[in-house]
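Each chain is listed here by its residues.
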Amino acid sequence: MREQILSKAAIANPKTKYGDAKASTRHFLLQRLSGISNVLFLGFLIFIVTRLAGEDRAEMVEVIGNAWIGLPFAVLLVIVTLHMRNGMRDILEDYFAGRTYSLYMTLNTMWTLAIAVIGVFSILKLVFWG
Amino acid sequence: MAMSIVHRATGIANYAGSSLLVLWLAAAAWGAEPLNLVNAIYGSWLGQLVLFGYTWSLIHHMLGGLRHYVWDLIYGLEAGQREALSWANVIASVILTLLVWTIFVWVGN
Numbered sequence: 001m002r003e004q005i006l007s008k009a010a011i012a013n014p015k016t017k018y019g020d021a022k023a024s025t026r027h028f029l030l031q032r033l034s035g036i037s038n039v040l041f042l043g044f045l046i047f048i049v050t051r052l053a054g055e056d057r058a059e060m061v062e063v064i065g066n067a068w069i070g071l072p073f074a075v076l077l078v079i080v081t082l083h084m085r086n087g088m089r090d091i092l093e094d095y096f097a098g099r100t101y102s103l104y105m106t107l108n109t110m111w112t113l114a115i116a117v118i119g120v121f122s123i124l125k126l127v128f129w130g
Numbered sequence: 001m002a003m004s005i006v007h008r009a010t011g012i013a014n015y016a017g018s019s020l021l022v023l024w025l026a027a028a029a030w031g032a033e034p035l036n037l038v039n040a041i042y043g044s045w046l047g048q049l050v051l052f053g054y055t056w057s058l059i060h061h062m063l064g065g066l067r068h069y070v071w072d073l074i075y076g077l078e079a080g081q082r083e084a085l086s087w088a089n090v091i092a093s094v095i096l097t098l099l100v101w102t103i104f105v106w107v108g109n
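For the protein sequence lines, the chains are R and W, in the order given.
In terms of the working numbering, the first sequence opens at residue 1 and continues consecutively.
In terms of the working numbering, the second sequence opens at residue 1 and continues consecutively.
Worth flagging that the hints you see were computed from the coordinates, not collected in a lab.
Just so you know, nobody snuck in bad clues.
Taking CB as the label site, the calculated pair distances span:
1) W:LEU66 <-> R:ALA9: 33 to 43 Å
2) W:LEU98 <-> R:ALA9: 46 to 56 Å
3) R:PHE44 <-> W:THR102: 19 to 29 Å
4) R:ALA9 <-> W:TRP106: 51 to 61 Å
5) R:LEU107 <-> W:ARG82: 30 to 40 Å
6) R:VAL117 <-> W:VAL90: 32 to 42 Å
7) R:TRP129 <-> W:ARG82: 43 to 53 Å
8) R:MET110 <-> W:TYR75: 34 to 44 Å
9) W:LEU66 <-> R:ARG99: 34 to 44 Å
10) R:GLU62 <-> W:TYR75: 38 to 48 Å
11) R:ALA12 <-> W:ALA79: 18 to 28 Å
12) R:ALA12 <-> W:ASP72: 19 to 29 Å
One-sided excerpt, in silico: chain W residues whose CB lies under 8 Å from chain R:
13) VAL22
14) ALA26
15) ALA28
16) ALA29
17) GLY43
18) MET62
Residues from chain W that keep clear of chain R, each with C-beta distances beyond 10 Å, as calculated:
19) ALA2
20) MET3
21) TYR75
22) GLY76
23) LEU77
24) ALA79
25) GLN81
26) ARG82
27) ALA84
28) LEU85
29) TRP87
30) ALA88
31) VAL90
32) ILE91
33) VAL94
34) ILE95
Ideal Cβ placement from N, Cα and C applies to all residues, glycine included.
In isolation and in its complexed conformation, chain R is listed as follows (with noise of 0.2 Å):
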């Protein structure tokens, strides 16, 4: 997104355009919006790390294993990457730009996504396949 290191003087003119109006949005509303799930997801994440803690696998399939319990579970977890990558985006926009910005940005979805996929992946077996 970020093409090129902005001046001072760019920034602090009202009339310079930079940026993209309609992915900011989105990213905002999107952090906004994942940010008021996210609470919901730290509750569940309390309540099955505390209660699972140190435990057996049967113990792990007879909690998370309930459809009740991990399917929401999976789809917090989605919502949390989501948030991640997001927020990790307005780091590197700080600190980085052009070619470099682009391949972190890539490693930042990559990580992103392989975090969701292999949490929903092993939510789903322990939910469906035990």
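Using the hints provided, position chain W relative to the given structure of chain R.
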């Protein structure tokens, strides 16, 4: 100012910490052996220390995020109010983290 950096730092910590959750879930899906290994690592004193820090980081980032909704509604933006919110955020995050660990870990087990 400092709290903005802490919000960013806890965001990065949570970004990394999510791999701990996914590693645990993947180990459970994989089988008993990997799960025992992950449990042993997470149950060690270093593992517990990291998980304690991760708990605080998640709670602090959540409260910092909730503060943004307050600001979005044009409350708490004045000088003094912002600093008060920052301190409330730090204190509440520590208290909530200790509460979670006291109730569910130290007393619960």
